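Each chain, written out:
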Amino acid sequence: MLKEMNVDDPEELLEQSRRGSTQAFAGIVRQYQSRVRAYLSRYVRDRDAVEDLAQDTFLLAYRSLASYRGESSLGVWLIGIARNVALMHVRDQARRRARETEVLQEALGRWLTDALEKDGSRLTDRDQTLRALELCLQELPEHSSALVENYYFKGRTAVEMAREQGKKESAIGMMLLRIREILGRCIRTRMAETGVHA
Amino acid sequence: MSPEEIRDLWSRFLAGEELSPEAQRSLVDAFEADPEVRESLLENLQLDGMLHAMGDTRRQGEAFVRNLTDCLGAEHDATRFVKKVESRLNENPPPPSAPPGTRRKQKDTTRLFRRRSAGSTSGDSAWKPALIAAAAFVAILLLVVAEIKSPPPKPVVKAPPAPPRVPSAPESTGTAVTVTREQRLEELKVEETRLRNEPRAPEEKPEDRQKKLIANEDERRAIEADLAKGIRPSSAPAPRDPKPETTTTTAVVPTILPTLVERVAGNVYLARNAGDKRRAKKDDSVPVTWNVETPGAASVALIRFSDATWVEVLPNSVFRETAAPTESSGRKVFLTSGSLESQITKQSADRPMVFTTPAGEATILGTTIRLTVSHDPKTGTILEVKEGKVLLTRLLDRKSVEVVTGQFAVAAAGAEMAPQKSFPDEVLVKFGPADVQLKPGWVLDSGEEFDAKRGYGWIGPKNGDPVPGLFWRDGNGKLLPKNKGRMAVRRVNTPGIDPLKTTDITAGWAGQTETWYMPIPNGRYLVSVCVGDITYEQGPHHVWVEGIQIINEKKNRVGESIEVKDVLLEVKDGELTMRVGGNTGSRVSADGSTDSCINYLLIKRVRK
Chain E
347 MLKEMNVDDP
357 EELLEQSRRG
367 STQAFAGIVR
377 QYQSRVRAYL
387 SRYVRDRDAV
397 EDLAQDTFLL
407 AYRSLASYRG
417 ESSLGVWLIG
427 IARNVALMHV
437 RDQARRRARE
447 TEVLQEALGR
457 WLTDALEKDG
467 SRLTDRDQTL
477 RALELCLQEL
487 PEHSSALVEN
497 YYFKGRTAVE
507 MAREQGKKES
517 AIGMMLLRIR
527 EILGRCIRTR
537 MAETGVHA
Chain A
925 MSPEEIRDLW
935 SRFLAGEELS
945 PEAQRSLVDA
955 FEADPEVRES
965 LLENLQLDGM
975 LHAMGDTRRQ
985 GEAFVRNLTD
995 CLGAEHDATR
1005 FVKKVESRLN
1015 ENPPPPSAPP
1025 GTRRKQKDTT
1035 RLFRRRSAGS
1045 TSGDSAWKPA
1055 LIAAAAFVAI
1065 LLLVVAEIKS
1075 PPPKPVVKAP
1085 PAPPRVPSAP
1095 ESTGTAVTVT
1105 REQRLEELKV
1115 EETRLRNEPR
1125 APEEKPEDRQ
1135 KKLIANEDER
1145 RAIEADLAKG
1155 IRPSSAPAPR
1165 DPKPETTTTT
1175 AVVPTILPTL
1185 VERVAGNVYL
1195 ARNAGDKRRA
1205 KKDDSVPVTW
1215 NVETPGAASV
1225 ALIRFSDATW
1235 VEVLPNSVFR
1245 ETAAPTESSG
1255 RKVFLTSGSL
1265 ESQITKQSAD
1275 RPMVFTTPAG
1285 EATILGTTIR
1295 LTVSHDPKTG
1305 TILEVKEGKV
1315 LLTRLLDRKS
1325 VEVVTGQFAV
1335 AAAGAEMAPQ
1345 KSFPDEVLVK
1355 FGPADVQLKP
1365 GWVLDSGEEF
1375 DAKRGYGWIG
1385 PKNGDPVPGL
1395 FWRDGNGKLL
1405 PKNKGRMAVR
1415 RVNTPGIDPL
1425 KTTDITAGWA
1435 GQTETWYMPI
1445 PNGRYLVSVC
1455 VGDITYEQGP
1465 HHVWVEGIQI
1475 INEKKNRVGE
1485 SIEVKDVLLE
1495 VKDGELTMRV
1505 GGNTGSRVSA
1515 DGSTDSCINY
1525 LLIKRVRK
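Note that the protein sequences, when read in sequence, are chains E and A. The opening residue of the first sequence carries number 347 in the working numbering; numbering runs sequentially from there. The opening residue of the second sequence carries number 925 in the working numbering; numbering runs sequentially from there.
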């Protein structure tokens, strides 16, 4: 049945999903999981938790397909669900963290929860942030691009990379920080060009 | 704290370094003192998360989709089952004593297939699977009770061995009993449900129950296949009125399969990501989606499924069943990390068992395999087939290869997927010239450069340039120049001397090390090494295998070899690597040579 569908057409995938096709819904998940994961990862640092929350998001979406009326794009609708799922998670984590002794984790959790609570009106922007990031990655110098590829996309650790390059681990960390700063500026510029804020 | 110090600490924190409480406090104070700095570095943290998410999507995106689709598929199956149960209950209301709330809402069933991480509390609670399973079990019991209490419908399907009577069958005469295939199918389904759910009697062994279940399933599937093809036995009566006349349930319960822990060694845990974790013991039931974890080099768990398929979860592994078999799909399992071995009972052709890892997917109808997930994404997933035929699919691009008996294949980004001959349990690499008489289980290495077809060899050309001022003496006492690279040497040809020690490869004459390697499956191995020149005092010799120095500055005297046996080591990168030589400075031998002479390398695989 999937072969007869246009797997790139969200409308068609949506229609088939509403009729109960899990294969069609898998197509939607393929198209939107990177955006949903990226959104969740802005506010949740535990990557296993991000995976679970992304699963929650899509399961909730599947069960709520009947209520989606197309007033916003499918991506924005999914990110709206992801935001609610993430909010429940971070609030629960905040309660747990109140007993923790890790002061930095506790403070980070507090600040990220605040940021997420204020994020409700900017979901459209958030849907575009990932696209901006993808474009900005293409503009990175070769060396920076290789560093990002190895660390984030191939899962190498800073320790391994430091050993290979004959550098200190802290130097790798600082290089990554600078690359992210460059990417942050690039994203802000791109978002400003399209009239939205990062 | 200066802005540079703040950034330095922050970059180290994001790179995974553990900061001291003082450093953490300093960072928090700095952030609270300057909202702009905080804003900027939080943006940096969010980008860090987004980039990690992009990487995770690349690496695990397809596995994520499949896991989710499995959940939804299972939800459909479970929903159909619940509907059937509800329908049956409506036809045969439960007795007044039935407890309220035994029927489940449809949406809860998906939770049976979920995995949860620590602290994740959104949506329904994580304890529901057990409750739902219990409720489904109660529902089935109610069905049975309802059937017992309700007036017997006609005709009644009785449990075997007493076969039911078929009133309309014209062939029935006297006491002879004929059973239609449809009726037998119904009986088998009832029996299957009973076998899956009814507690065992104390005298009944788990394996007896499993055998009955397998026999029952085999017969049911055979009948279903015949009916689907329209095949009827020649003596069978014609199909009857399609209107159902029996009162038996047709459900196959998808989630309450008795998957059992059959054996544990070391530290074995049953855990789910919500944080529930308990030590596993023999005969424990393993719920679907719960991880079986075997941390530690001596930890092993043997898991047996209801169809007698077994999975041995090897040390330092995380394994789980993601979906139990249903009417429409086979069992699905996931190996998150580590290795497993499995013997898979013959599966139905349209419902194969599927083993998935972060990088690959093995679709199996019945065979014995070994599956390894490497720590290194470049190495990915290694599938070895001991017997049978398996379709291995790389999730990244859905490329597939068939792997047959005695082969292994790798599913990893950028790696060649072509199946290769499996590594045997034991191999002896004999170093020496081409005329060495090999024995079974030996392979010859004459110092040649690595060749993929041969499957092992050295890095760099065999014959390098001569090293000025360095000579060696052959078996006839003749002086020859020493070259960089490697030389295969026969020291003597005297009968009675262990042939393992009469030839060698000498390497590392110019102070450098020479590197030999062989691609082999990841895992643990016992390695033995022998060095020396029985005709001449040589050394000190140096040999490292997988970075472990096995021969350390030892010299051999005339007539003597140095053997170090059974060093346990672990291969994690898909290659066993050996370095030979490396003498410099004060470690150079008395005659000025720096080489080491390796006679043989014995590699024995450690299965458990």
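In short, the hints are calculated from the structure, not lab data. Here the structure is a predicted model, which means the values were calculated and not measured. Glycine included, every Cβ here is placed at the ideal spot set by N, Cα and C. Please note that the accuracy of each hint is not assured.
27 Å max Cα-Cα, derived DSS-like pairs, lysine-lysine [what the hints assert, rightly or not]:
no., chain 1, residue 1, chain 2, residue 2
1, E, K514, A, K1479
2, E, K500, A, K1386
3, A, K1270, A, K1345
4, A, K1489, A, K1528
5, E, K513, A, K1528
6, A, K1323, E, K500
7, A, K1386, A, K1479
Stretch by stretch, here's where chain A covers chain E in the computed footprint (C-beta under 8 Å, at least three residues) [to be verified]:
no., segment
8, 377–391
9, 497–510
Notebook entry, point to check: Taking a Cβ-Cβ distance under 8 Å as contact, does the segment 497–510 of chain E have three or more residues in contact with chain A?
Noted result: holds (count 6)
Next item on the list: Between the segment 377–391 of chain E and chain A, see if three or more residues pass the 8 Å beta-carbon test, and mark the coverage as holds or violated.
Entry: holds (count 10)
Next item on the list: Take the C-alpha atoms of K513/E and K1528/A, compute the straight-line distance between them, and say whether it is at most 27 Å.
Entry: Status violated; Cα separation ~37 Å.
Checklist line | Proposed proximity, K1479/A with K514/E (alpha carbon, max 27 Å) | finding: violated (38 Å)
Margin query: Holds or violated: K1323/A and K500/E, Cα atoms, limit 27 Å.
Written below: holds (20 Å)
Note to self: What's the verdict on K500/E and K1386/A, does the C-alpha distance respect the 27 Å limit or exceed it?
What the structure shows: violated (34 Å)
Check: Taking 27 Å as the top limit, are the C-alpha atoms of K1270/A and K1345/A close enough?
Finding: Judged against 27 Å, a Cα distance of about 24 Å means the pair holds.
Notebook entry, point to check: Does the structure keep K1489/A and K1528/A at a Cα separation of 27 Å or less?
Noted result: holds (11 Å)
Next item on the list: Please work out if K1386/A and K1479/A have their alpha carbons no farther apart than 27 Å.
Entry: holds (24 Å)
Violated hints for the displayed structure, listed by number in ascending order: 1, 2, 5.
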